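Undergrad: Letter by letter, the chains look like this.
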Amino acid sequence: MAQLTLDDVTKIFHDDDEGEIVAVDEVSVDIEDGEFLCVVGPSGCGKSTTLRMIAGLEDISSGEIRLGGEIINDQPPAQRDVAMVFQSYALYPHMTVRENMAFGLEQSTDMSDEQIAQQVEEATDLLGIDDLIDRKPGELSGGQQQRVALGRAIVRDPEVFLMDEPLANLDAKLRAEMRTELQHLQERLGVTTVYVTHDQTEAMTMSDRIAILNDGKLQQAATPLECYHEPNNMFVAGFIGEPSMNFFDVDRRGSTLVADDFEYDLSEETARELGDRTDLTLGIRPEDIELVEGGSGAHDYAGVVDVVEPRGSENTVHMTFDASDSANFVATVDGMRDVEWGEHVTVRFPEEAIHVFDSATGEAVRNRELDSVEKVEPIV
Amino acid sequence: MSTESRNPLSKIQEMENSRIGLYAVLLFGLVFYLFPVETAVMTMFKTQQSFIETVPFAPPSADGFTLEALTTAWNTLRPGLINSMIMAIPATILSALFGSLTAYGLTTISWRGQVGVVVFIIAGIFIPYQAVLVPLAQFWYQILPDLLNGFVNTVFGFATGGNWTYPIRNGYLQLFQLSVTHAAYGIPICTLLFRSYYQSISDEMIEAARLDGATAFSIYKNIILPLSLPMFAVTLIYQFTQVYNDLLFALVLVNEPSSQVATQRLAALTGGVVQSFNTTMAGAIVAALPTLLVYIVFGEQFAKGVAGET
Amino acid sequence: MREILNRLRTAGDSLRSVVSRDESDGQTLATDGGTETAVGDRRRDTLRNSLPVEWELIESAPFWLPPVLLAAFFVYGAIAWNAVLSLTDFQGLGEPSYGQLDLSMYAQMASDGAFWQATQNTLVLLVVFTIFCLALGLFVAILIDQNIRFENTFRTIYLLPMALSFVVTATMWSWVYNAKNGVFNQLLRLLNLEGLIITLLKPAGVTAEVVQWLSWNTTALAAVIFALIWQFSGYAMVVFLAGLRAIPTEHYEAARVDGASTVRMYMRVIIPQLRASAVSASVVLMVFALKAFDFIYSLRGSQPGANMDILATMMYRVAFDSLRWAYGSAIAIVLFLLALLVIGPYLYSEYRRGEL
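Chains as they are written, first to last, in UniProt numbering: chain A, 1 to 380; chain B, 1 to 310; chain C, 1 to 356.
Quick caveat, the hints were computed from the structure, so don't treat them as lab data. Some clues are possibly wrong.
[What the hints assert, rightly or not] Computed beta-carbon distance windows for the label pairs:
(1) THR218/C <-> LYS11/B: 46 to 54 Å
(2) ILE93/B <-> GLU32/A: 53 to 61 Å
(3) VAL84/C <-> VAL55/B: 51 to 59 Å
(4) VAL55/B <-> THR262/C: 36 to 44 Å
(5) ALA80/C <-> ASN149/B: 19 to 27 Å
(6) GLN108/C <-> VAL31/B: 47 to 55 Å
(7) ILE93/B <-> LEU337/C: 30 to 38 Å
(8) ILE58/C <-> GLU99/A: 44 to 52 Å
(9) LEU337/C <-> ASP146/B: 25 to 33 Å
Since this is a predicted model, take the numbers as computed values, not measurements. Backbone N, C-alpha and C fix where the C-beta goes; we use that ideal spot for every residue, glycine too.
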């Protein structure tokens, strides 16, 4: 029923000083009924504008937005059957929690006062804020206000939830809790949700699919793991994952990738995948880099430990190759493993874990082998 | 070097001294800002003989004390006070309401080019009223009566026989005209005060209300208006003192003695009896009473209104 | 939790069924009469989008347009009309004739000594009053900003004269300046300074035993300016105080750490940051000065004498006492242009900086 479709949606702002600014550039994405889609990207990438166009708060310059098959481009916000949760919560400060939640129903439906009261109470029960119902927003904590903001959206029983960084104003611990709770809530209510965030952890953990935007253009829309393991391009590969993927500029000579500090021999199969491209970028995720004892395999290189950031469960190790002014790269190793500054180690870049990108376009030419994920042996 | 090696106690002493100096200057400020008022209050309780013989700011002696001046002033000014209230209260409320509506339409609902309209309206604050006086007098005393006479006698000629005339000399009508004039000229400053307040209201909250299905009118009624109440207090207080204190418009628009406002009556009192300073001072205090009371009770709001004018 | 959830869902479903029933009713209607409702809806939507102006402009117009029209009629309509009147020869009783428009009133003005005197007085009042108000206001604001006790009381009393009517303050000051028994002269007498002041300030050709503050051409305008400073320096104080409070404490602390003395700190670090406050305060003060009519009229009536006459009083006298309407209008236009000279650049710069 409530499938939401964005079809070549474009937003152009007219600025007196700078002329036209394309904030959102031909974005197309289908959001299935009940799906939880996270829109992520760096600030200024157009993610909030996209959300506001769906809400009807911004006009659409070109393209179509369809809800349940019906074009809603020209409908005013109130007629779109969407509810939005704002980063600032945007609660009405002079109204109680009850009045805040009832306002939308009073304004947009013909429900009787009793029906509205019942619906509000059920929503507050659901969110565990029934004891706050007669308080005003100013008397609530940030987390409680956040719940009221959610409640205000839920009580409307909309076809689509739109959420604009709803957890950004909470402290880290509460944010983690709310993340889980919000996800459960969405699963239970089964309402199509578009969730904008700049926090890739939120996107990875909460969503059914992620849509990654950069410079107003859609880079990839796929499940979190697909985006992680099979990025469409260097931007996605670099944006998703923390610490981010290591990139090395390489020249291809036959079946060898030549970087400033190392040479990487490719198997025949991999070389074939690269076609005749020569200007390439080699990518490998920190956790795929292995620290081995005295190895001398084809993909083993001498490295020096520069900085170690202990994170408890794992260590983030900043390294260089064993040469003066060599490139830096990052590896993550098990937290129990003892690595020290200045230590000389051998690093291995397993071939099944490498990504190769076209340096000119950023397109992924070869992504890691997915079925090899299980095959990777834990490092001892 | 010498400062550092000095006894820390003397440093404290030095700070104490500068604090004492500070308060001395501040107290002198109190004297400076209050002495004309204090002098007026003291003088209004003195007999003619007493205010000539004593220092103006000294309290009256036992035999120089009288309430006669105050009684005279009160009797002269009382009708003016009532007229001022009749005129100023509706004008103030109208200006504030119009200002709030204008600011809402030009701030909370945003559209391209609205700043132009804002500049256009706000410039009205700074107009010297002399530049509108002659047309104003013409409008209320010539154009409008002529128009109404023509209209009424044409449309209702069967009843008036063509002899109806706009009651130009009706005192209450003159007060009404003055009130409308003040209401109109108060719109710019009230708009400015409300606009700066509405700019601080979160855009997201208004968007939330639009998504909730509220119309522009419903947003104003249910959200903006309740949130504006503190600003209404500021605007009403400030604008009331402005309207009440005005003399110029009243001089031009009200000429029936029975409808003169307090400032007009006080000006007449000052100009008339030159030597009875006890009576004129009593008049000044009586005429100032409404604004003084408002200022003492709502000083905070008045200060906000004053600061908002920039 | 599950149960609550189910209830919510049921409620939601029943709502949805209510809504869809409404929809289906609409549908039946629509099928009966073709699909007109749907088409009508779409037509309205396209209409909204094909408007030559933004929808928000139309949506907001009922709120701002009526008051703006009312104010524009009284402000700009009246000024335009006044400008036209200043080109006529309208005077006396009766009605203006717009048949022959010329600049004769302005020519008359150029050769009118009283006009030039009033213009000079207006400009002196404008400049001296504004500068002293700013200086005093800044000084008092800095004092008030020293974490003093009873701050509110001091501030309230310093601002009090501004809440009073010009008519009231003029009445009070006429007593203060009174030659025989006024506060000033009594104080001078007490300090034995009266004779000195008389010799210093007495205009040539005048014999006097007391200081005639409001009559002497040496003191009249200064006396008015002094009283106006008394009344409005509180305003400058409020504006500067707001400016001072907006400066982060770190700036004071950084200056202190750098070892600057209090005076140097204010001169070098703090006062330069009050430029915006000073500009806006001076604009408003100048406008007050141009409006000082009420004060002078209450002090001396419509004929305050050449020493105290400003354009505002002259305009009123010419128009409403002598009934020379066109000439009064012309003076009013000069006054308006003076005001425009002050506020035009100010409003324009505020507009450019996006401050409005």
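Undergrad: It remains to establish, for every hint, whether it holds in the given structure.
TA: Comparing the hints with the structure gives:
1. Separation of THR218/C from LYS11/B is about 49 Å and conforms to the stated range, judged on CB atoms against 46 to 54 Å.
2. For the hinted restraint 53 to 61 Å between ILE93/B and GLU32/A, the CB-CB distance of approximately 56 Å keeps it satisfied.
3. A hinted range of 51 to 59 Å holds for the C-beta pair VAL84/C and VAL55/B, which are about 55 Å apart.
4. Under the hint 36 to 44 Å, the C-beta atoms of VAL55/B and THR262/C, about 38 Å apart, fit the expected range.
5. Range check, ALA80/C to ASN149/B: about 25 Å between beta-carbon atoms, so the 19 to 27 Å window is met.
6. Separation of GLN108/C from VAL31/B is about 48 Å and conforms to the stated range, judged on CB atoms against 47 to 55 Å.
7. Distance hint check: the CB atoms of ILE93/B and LEU337/C are about 34 Å apart, consistent with the given range 30 to 38 Å.
8. Against the hinted window of 44 to 52 Å, the Cβ-Cβ separation of ILE58/C and GLU99/A comes to about 30 Å, which falls outside the hint.
9. With their beta carbons about 31 Å apart, LEU337/C and ASP146/B fall inside the hinted range of 25 to 33 Å.
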